[in-house]
Amino acid sequence: MEIERSHWSIVLLGSFNPAIFHPAWFELHGVISKEVASAAEVSVVHNEISNMTLGDIVVTAEVGKFQVATSNAPEIRLLDFISVVFGDVLPHSKVRSFGVNKSTHFRAVSAERRMEMGRSLAPLGPWGAFGERLAASEGDELGGMMSLRMREILNDEDSSGHFEVRIEPSNALDRRTGIFVAVNRHFDLKDDGETVGAKAAVSKLDQSFVDSLEKADEIINHFAEMAS
Amino acid sequence: MSTSFAEEREFISLESEKRDLKRFISLSKLTGHENLDADDSAERYNAVSNSDLKNMLGIEVFWGVVRRPGPITAQQVRTAPSSTSKVVEWEGVVESVGDDEFACRLRIIKGSEVDFDEFTTFDLDRVDEGDRDLVQPGALFRLVIGFQAISGTRQQFSRLIFRRLPAWNRSTIEQARAHIEDVFDSIDWSDGSAS
Chain A
1 MEIERSHWSI VLLGSFNPAI FHPAWFELHG VISKEVASAA EVSVVHNEIS
51 NMTLGDIVVT AEVGKFQVAT SNAPEIRLLD FISVVFGDVL PHSKVRSFGV
101 NKSTHFRAVS AERRMEMGRS LAPLGPWGAF GERLAASEGD ELGGMMSLRM
151 REILNDEDSS GHFEVRIEPS NALDRRTGIF VAVNRHFDLK DDGETVGAKA
201 AVSKLDQSFV DSLEKADEII NHFAEMAS
Chain B
229 MSTSFAEERE FISLESEKRD LKRFISLSKL TGHENLDADD SAERYNAVSN
279 SDLKNMLGIE VFWGVVRRPG PITAQQVRTA PSSTSKVVEW EGVVESVGDD
329 EFACRLRIIK GSEVDFDEFT TFDLDRVDEG DRDLVQPGAL FRLVIGFQAI
379 SGTRQQFSRL IFRRLPAWNR STIEQARAHI EDVFDSIDWS DGSAS
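Heads up: the protein sequence lines correspond to chains A and B, in order. All residue numbers for the first sequence refer to the working numbering, where the first residue is 1 and numbers rise by one. All residue numbers for the second sequence refer to the working numbering, where the first residue is 229 and numbers rise by one.
The hints are simulated quantities; they were obtained by calculation from the structure and are not laboratory data. Among the clues, some could well be false.
[Claimed, not checked] If the Cβ cut is set under 10 Å, some of the chain A residues that face chain B in the computed set are:
#	residue
1	Ile10
2	Gln67
3	Gly143
Glycine residues also receive a C-beta, built at the ideal position from the N, C-alpha and C atoms.
Make the full structure from the sequences, and use the hints.
Now the structure itself:
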């Protein structure tokens, strides 16, 4: 089963100054080329939020959050973007948590197969009379699972965090067969009093980015096989 | 606050509250005076304090209208270009640079079982004009060949993207040197000599 749409993002949580993030600033620091900066689409640059599209990378900065996202491979560009901005240019920014995300849309081979997946992931038995009504529904009134999230707790010596997977029907592809899977690998950095700052986050991100996305692909491919 | 990406159905605001955000929010809508748009006087605008608006939006407001990114809609997901799973990706290292082309070594990253390095040359024309100054011996790039979904149609694509990596600084070089010395010292040499 082919993944039809992919989306990757890195989200940092901490303290940021959204007003400084502008295409010209990114160009000045070598994060993007002059050509990309001149063709950038800026939605807003404000003290509290900045949002712009640089090539096919969307950058959003808020006071407590900074995120970069793209729907086009190679996704390693997101890691490079964050590494230059917060590893080189703003190494003393406060970053306390970060997440690596991947989401995909694909189609089940049939509406029946998608329903079978939903029923196997969220059995109707435990839902009592409500579950019985869902089981009896059909056609345009077919009811069932709308969203399911599963979380694995993952701690190591310098971070605590989790690996969370969400699966839902997707209207973006097809109302009857579309499936949406989103994966979030979240890291809360342990503060040992010395490594506070973006540099530690960038280092941890650099170590974990590829592995996080490989694990994301593993569960996404598992669901894609279920749907085929 | 979550580090998951703000998807179609929700947007996590600064206070971690879910809000139904609009791409474009008029002051009258914010203040609940939608039916009184005819009375669009400065007095009415001034009657709304910035703190009230801040509570509603989660951000400071200095103008009558604020634009902020809205959640991605299904329509946007459907029409925006997006890579499919059929992608083969290599990491390349530039070996030498000529007038019109550069020679490189390629190592597969994903999408193929090939496990040996490949050597080839690419025309400099294949590199985005803004990235040509990055084409230097030792520079890293990614070559991606695959399919892309654009507004419901699939198209084959090939992209050669040079990586913009952090600069090497003195402390990083010293850390690398110390690491190599540690590795070297840990080797039990056959002639019993120390490093």
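Quick rundown of the hints versus the structure:
{"no.": "1", "hint": "Ile10", "in the structure": "holds, 8 Å"}
{"no.": "2", "hint": "Gln67", "in the structure": "holds, 7 Å"}
{"no.": "3", "hint": "Gly143", "in the structure": "violated, 18 Å"}
The structure shown violates just one earlier hint, number 3.
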